[in-house]
Amino acid sequence: MKPNKLLILGILALPIFLSACGGGSSGGVGSGGSTTSSRNLPPDPGAAATATVAGVDTNNNGVRDEVEIALSKVIASDQQYSTTIRVAKAHQLMLTKPLPTTRAEALKAYGEIACASGTGVAYGQSSNAVSNIVFDTASRKDILSKIVKLTDGGFDLEELPVCI
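Residue 74 is where the sequence shown starts when you use my numbering, and the numbers rise one by one after that.
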């Protein structure tokens with residue numbers, strides 16, 4: 074159990090450390106994917122994207138506009154894009170719902186991510202990439218850090234709520 078908890082700790086902390094390395098809207102992010110006509114992307118919110126923690130969600134789908142645009146640039150498959158949007162929405166809920174105050178509430182937030190991914194895993198490689206896009210400002214990273222602290226930096230997968 075301890076190695077599993079340590080692994081989860083490392084995986085949870087990874088987005089915070091990687092996002093500190095920088096990265097912006099140019100260079101690397103837009104490579105490898107293409108949009109399709111079935112994706113009705115919102116307009117780029119520009120500077121308004123970072124004006125508040127919740128950001129801008131003009132189509133009210135629960136995912137910030139700049140997150141949708143960024144994901145559309147890197148994910149070619151519509152099926153994978155759809156799944157990734159659900160994962161992004163679960164991440165965004167961490168920013169728009171009241172901040173958890175207990176370990177159980179924090180685990181529920183991670184459970185929502187795991188269920189959205191369809192894998193039952195709260196943080197895999199693709200979820201970490203989404204986390205880096207969603208938690209892209211100091212105030213957003215601060216919220217994630219507070220949630221991570223509630224889990225004492227890690228948890229066993231068995232602790233997550235069951236997906237329904």
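Check the hints yourself; a few may be wrong.
[Claimed, not checked] Straight-line distance between alpha carbons at most 30 Å, and here's what the computed DSS-like set of lysine-lysine pairs gives:
1. K146 - K214
2. K170 - K219
3. K214 - K181
4. K219 - K181
5. K170 - K214
6. K222 - K170
7. K146 - K170
8. K170 - K181
9. K222 - K181
Because the hints were derived from the structure by calculation, they are not lab data. If you're wondering where the values come from, they're calculated on a predicted model, not measured in any experiment.
Consistency of the hints with the structure:
1. Straight-line distance between C-alpha atoms of K146 and K214 comes to about 23 Å, which keeps the hinted pair within the 30 Å bound.
2. Between K170 and K219 the CA atoms are separated by roughly 14 Å; this keeps the pair inside 30 Å, and the hint holds.
3. Distance check on the hinted pair: K214 and K181 sit about 19 Å apart at the alpha-carbon level, within 30 Å; holds.
4. For the suggested pair K219 and K181, the alpha carbons sit about 14 Å apart, so the restraint of at most 30 Å is met.
5. The straight-line distance between the Cα atoms of K170 and K214 is roughly 15 Å, inside the 30 Å bound, and the hint therefore holds.
6. Between K222 and K170 the alpha-carbon distance is near 17 Å, which keeps this suggested pair within the 30 Å criterion.
7. With a C-alpha separation of about 27 Å, the suggested pair K146 and K170 falls inside the 30 Å cut-off, and the hint holds.
8. At roughly 12 Å between alpha-carbon atoms, K170 and K181 fall within 30 Å of each other, so this suggested pair holds.
9. The straight-line distance between the Cα atoms of K222 and K181 is roughly 14 Å, inside the 30 Å bound, and the hint therefore holds.
Violated hints: none; the structure is consistent with every hint.
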